[in-house]
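Student: Chain by chain, the residues run as shown.
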Amino acid sequence: MATKKTTILNLPEEEFVHPGNRACAGCGLSIVYKTGLKALGRDTILVVPPSCLTVLQGLYPIAATQLPCLNVTFASTAAAATGVLAAMRAQKRPNVQVAAWAGDGGTSDIGLQALSGACERGEDFIFICYDNEAYMNTGVQRSGTTPQHVLTTTTPFTGKHQRKKDVPAIIAAHGIDYVATASAAYPLDFYDKVVKAKSISGPKYIHVHTPCPAGWGFSPRYTVKIGRMAVETGLFDLYEREKGQMRLTGASEKMLGKKRKPVADYFATQNRFKGMDEEKIQALQAEVDEKWAAYEKIAQGVC
Amino acid sequence: MHIIEAGNVAAAMGVKLAGVQVVAAYPITPQTPLTEKLSELVDSRQMDAQYIPVESEHSALSVCIAASSAGSRAFTATSANGLLYMNEQIHWAAGARLPIVMCVVNRGIGAPWTVWNDHQDAMSQRDTGWIQIYCCDHQQIIDTVIQAFAIAETVRAPVMVCYDGYILSHTYMPFDIPEQADVEKFLPAFTPDWALNPQCPANLNTVTLPEPRADVRGNTAPGYMEIRHNLHTDLRRTIDVIADTDAKFKDVFGRGGQPFIESYFCDDADHVVVCLGSLSYQMRDVIDELRKEGVSVGVYGLRLYRPFPDRAVAEALGGKNNVLVFEKALSYGYEGPLFSDIKAALYGTDNPPRIRNFILGLGGREIRTRDLYQAVKTACSENQNKPHDPDFIGLKM
Numbered sequence: 202m203a204t205k206k207t208t209i210l211n212l213p214e215e216e217f218v219h220p221g222n223r224a225c226a227g228c229g230l231s232i233v234y235k236t237g238l239k240a241l242g243r244d245t246i247l248v249v250p251p252s253c254l255t256v257l258q259g260l261y262p263i264a265a266t267q268l269p270c271l272n273v274t275f276a277s278t279a280a281a282a283t284g285v286l287a288a289m290r291a292q293k294r295p296n297v298q299v300a301a302w303a304g305d306g307g308t309s310d311i312g313l314q315a316l317s318g319a320c321e322r323g324e325d326f327i328f329i330c331y332d333n334e335a336y337m338n339t340g341v342q343r344s345g346t347t348p349q350h351v352l353t354t355t356t357p358f359t360g361k362h363q364r365k366k367d368v369p370a371i372i373a374a375h376g377i378d379y380v381a382t383a384s385a386a387y388p389l390d391f392y393d394k395v396v397k398a399k400s401i402s403g404p405k406y407i408h409v410h411t412p413c414p415a416g417w418g419f420s421p422r423y424t425v426k427i428g429r430m431a432v433e434t435g436l437f438d439l440y441e442r443e444k445g446q447m448r449l450t451g452a453s454e455k456m457l458g459k460k461r462k463p464v465a466d467y468f469a470t471q472n473r474f475k476g477m478d479e480e481k482i483q484a485l486q487a488e489v490d491e492k493w494a495a496y497e498k499i500a501q502g503v504c
Numbered sequence: 015m016h017i018i019e020a021g022n023v024a025a026a027m028g029v030k031l032a033g034v035q036v037v038a039a040y041p042i043t044p045q046t047p048l049t050e051k052l053s054e055l056v057d058s059r060q061m062d063a064q065y066i067p068v069e070s071e072h073s074a075l076s077v078c079i080a081a082s083s084a085g086s087r088a089f090t091a092t093s094a095n096g097l098l099y100m101n102e103q104i105h106w107a108a109g110a111r112l113p114i115v116m117c118v119v120n121r122g123i124g125a126p127w128t129v130w131n132d133h134q135d136a137m138s139q140r141d142t143g144w145i146q147i148y149c150c151d152h153q154q155i156i157d158t159v160i161q162a163f164a165i166a167e168t169v170r171a172p173v174m175v176c177y178d179g180y181i182l183s184h185t186y187m188p189f190d191i192p193e194q195a196d197v198e199k200f201l202p203a204f205t206p207d208w209a210l211n212p213q214c215p216a217n218l219n220t221v222t223l224p225e226p227r228a229d230v231r232g233n234t235a236p237g238y239m240e241i242r243h244n245l246h247t248d249l250r251r252t253i254d255v256i257a258d259t260d261a262k263f264k265d266v267f268g269r270g271g272q273p274f275i276e277s278y279f280c281d282d283a284d285h286v287v288v289c290l291g292s293l294s295y296q297m298r299d300v301i302d303e304l305r306k307e308g309v310s311v312g313v314y315g316l317r318l319y320r321p322f323p324d325r326a327v328a329e330a331l332g333g334k335n336n337v338l339v340f341e342k343a344l345s346y347g348y349e350g351p352l353f354s355d356i357k358a359a360l361y362g363t364d365n366p367p368r369i370r371n372f373i374l375g376l377g378g379r380e381i382r383t384r385d386l387y388q389a390v391k392t393a394c395s396e397n398q399n400k401p402h403d404p405d406f407i408g409l410k411m
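Top line first, the protein sequences correspond to chains F and V.
Position in the first sequence (first residue = 1) + 201 = the working numbering.
Position in the second sequence (first residue = 1) + 14 = the working numbering.
Just so you know, these hints were derived from the structure itself, not from any lab.
Being a predicted model, the structure only gives us computed values, none of them experimental.
Check the hints yourself; a few may be wrong.
Facing chain F, a subset of chain V residues (Cβ under 7 Å, in silico) [stated by the list, open to error]:
{"no.": "1", "residue": "Asn101"}
{"no.": "2", "residue": "Glu102"}
{"no.": "3", "residue": "Asn219"}
{"no.": "4", "residue": "Thr220"}
{"no.": "5", "residue": "Val221"}
{"no.": "6", "residue": "Pro224"}
Chain V side only, calculated, beta carbon under 7 Å to chain F, not exhaustive [said to hold, decoys possible]:
{"no.": "7", "residue": "Val36"}
{"no.": "8", "residue": "Ile66"}
{"no.": "9", "residue": "Ala80"}
{"no.": "10", "residue": "Ala81"}
{"no.": "11", "residue": "Ile191"}
Virtual Cβ for every residue (Gly too), placed ideally from N, Cα, C.
Let the sequences and hints guide you as you build the complete structure.
Tutor: In C-alpha cells:
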C-alpha cells in the first residue's frame, strides 16, 4: 500500500502556472493549482467552471495557465470533461489526461448532478474540488460545504444553521475506485494523490481544503498554518479511499492514538467563526471526538 | 436506396452518414426514437461513434460543446422542455462558435404538460445565435442533417434541424438514403482550425472585458462586443453559405434548389400563405382545392428561420395582395414570432401586401384541412386591412 512519497527535492521543476496571476494574496487554491498541475503534467486538458480559478487564470487574451483549458458553465463541469474524453477516444488519443477543477459550490451544489452522472458512467477523469467553504468568487456566500455556524454574506448574523455536506462520501457512494481528501497546507500529499489518481482508470475524486484569507477572515500569511490547524484539530481529515478501503494519510494518519488540538483553537483564528458560543464549540468538539473514535477503531481493525 | 421509415429514423441515418464522432442525448418524447436508433447503430458497431447516455439535456449539450471544442463532430437531439433545460448551453455553443448540430423534434412546452406538436420550443431559442432550419418531410430531414454539418463547419455556428413531433417524427414515409461515398464527397471529415490540444495550449472562453485588450505580444484582441458582432455578421453571411451548400448538394444528390423558401403555386398567385414545417405540405391540399375554384393562391414553406432570409422573403411576398401567416407559436402578449419577422422584412418595401396572422395547432390541437381551407378562402376574398391581432384557428372557447 505504501508508495514512495514526493519531497520538495524531487518535485518536478516545470511550472504550468505563470507567476503574477490574479489570485488573492495567501490564496490556498494557488498552492494546490501550482502543485496539482505539476502532478498532472503537460499531456492534460483542463475543464474549469466559473470559480475563483476563472479569476486566477486571467482575462482574455492573457492566461495564467500553460495547459489547454476549457472554461465551461457552472453546472456542466463533469459533463464537459466527459465530452473532452469522448473526443479523445474518437480521435484515438488515449494518453491525454482530463482533469476538472471546480470550487465547492460548483461541485457540491450546482455541479453535483453532472458529477454524479459522470461517476455513474465511469468516465476516466480526475475531478478536483477545491473547497474554500463558500462561494468566494462572488463574495463569500454560503455553499453546501460551508461548515456549521460560519458567518457568510448570506448567513450574516446567526451563521449557517446546517452542517457541511460530505461530498467525498457522496462520491464514494458511486462505488468509484479512488476518492481522496487533501489540503493546501500539505501540497506534497496532494501531489502524490494526483499522481496516484492518474494511474487509476475510471472516475477519480480529490477534495482539497483550500483556506481563503479574504473569505475566512485571517491574515494571508497564515494560510498554511490555518490549513494545518484544520487537520490537527481533526476537523478536516486527510484520507484515501481506494476500491472502497479507507485509510488516513499523512498528517491525519500520524494523529492516530495521539491527542488532537482542541477545535476551539482553530475557530479562534478566523473571523467567520465569531458567531460561535461555548455551547456550539463543545457540540462540534464532541462530533470530532466521535468521528475520531471511529477512526481509531478502524485503525485497530475493530469494525 | 429508398426505404419507408419514420422521421426520427431518417434523422438517425443522416447522423450516421455525416460521420458524427460524438453523440450525447437524453430521452424526451417525441425525440426518443431518434436517440434509441443512434444507440442501436453505435452498440451494433454499424456506426463508429461515442454514444454518451447523459443524465440530463444540459449535460447532453455540455458533452457536445466539449467534444466539439476538442475537435470532434458532435450531435444531440431533444424536444420541448429538454430544449429549454439546455438553454444556457445553447447560448454557450453559439458564443463559443462550435459547429454542433441538434435535431429539435418540435413539441409544445409546459405548463401544463403537453407531449404534442407545436413550434414554441424552437421559437423560444430564436435569439441564441443558432441557425434554424425547418423540415417538411422525411427526405428533407435526412438531407438537412447532412447539409447542417457542412453549413455549421463552414461558418463555425451551430445548427438546429427542426421537424414536427409525431407528424414527421413518428409517421412513415418513403425517402432516399444517400450513398456514403457521395456524402463523404459532399461533407469531408471535420478539420477545425483550432481545438483543445496539449501540444498547442489555449484557454477557451475566458472572462472577456468590455473593451479590446492587448495580448502579451502587444496585439489587440477583441472585446466581448466585437466577438458578438462577429457572430452576428457571420450569421448574416450564412444566408449565402446556405445557398451555396444547397447548390452543391443538388449537384451531388439531385435534390434541393429552394434553400430558403419552398414555393407551391406562388409565382403567379395574388395571395400567398406562409408557414413553417409540415404545415406547408398540408396546406398544399388546400391550395389545390382553391386553385380548382379559381382562387389565385399559393403557399410558401419557409425552410430557413435564422438567420432570417429577409431579402428572399421580401422578394417572394412583394406584389402579393394578401399574405397569410399560419404558425404554431406565439410571442405571448403580442403575436406570432414568424408574423413579426415577416412584417419587419416587408417594412419599407413598395406597396407592401396586406398581412394577417393565424395561430393554430398549439399543444397538438388538430389542424383540420377543412378549417385551413375556410380560413384561406375567406382571407383571400377580403380587401380590407384587418387589425394585427392574430386569429386563432380551431379554438373551442
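Student: Next, verify each hint and record whether it holds.
Tutor: Hint-by-hint comparison with the structure:
no.	hint	result
1	Asn101	violated, 11 Å
2	Glu102	holds, 5 Å
3	Asn219	holds, 4 Å
4	Thr220	holds, 5 Å
5	Val221	holds, 5 Å
6	Pro224	violated, 11 Å
7	Val36	holds, 5 Å
8	Ile66	holds, 6 Å
9	Ala80	holds, 3 Å
10	Ala81	holds, 4 Å
11	Ile191	violated, 23 Å
The structure does not agree with the numbered hints 1, 6 and 11 stated previously, though it agrees with the rest.
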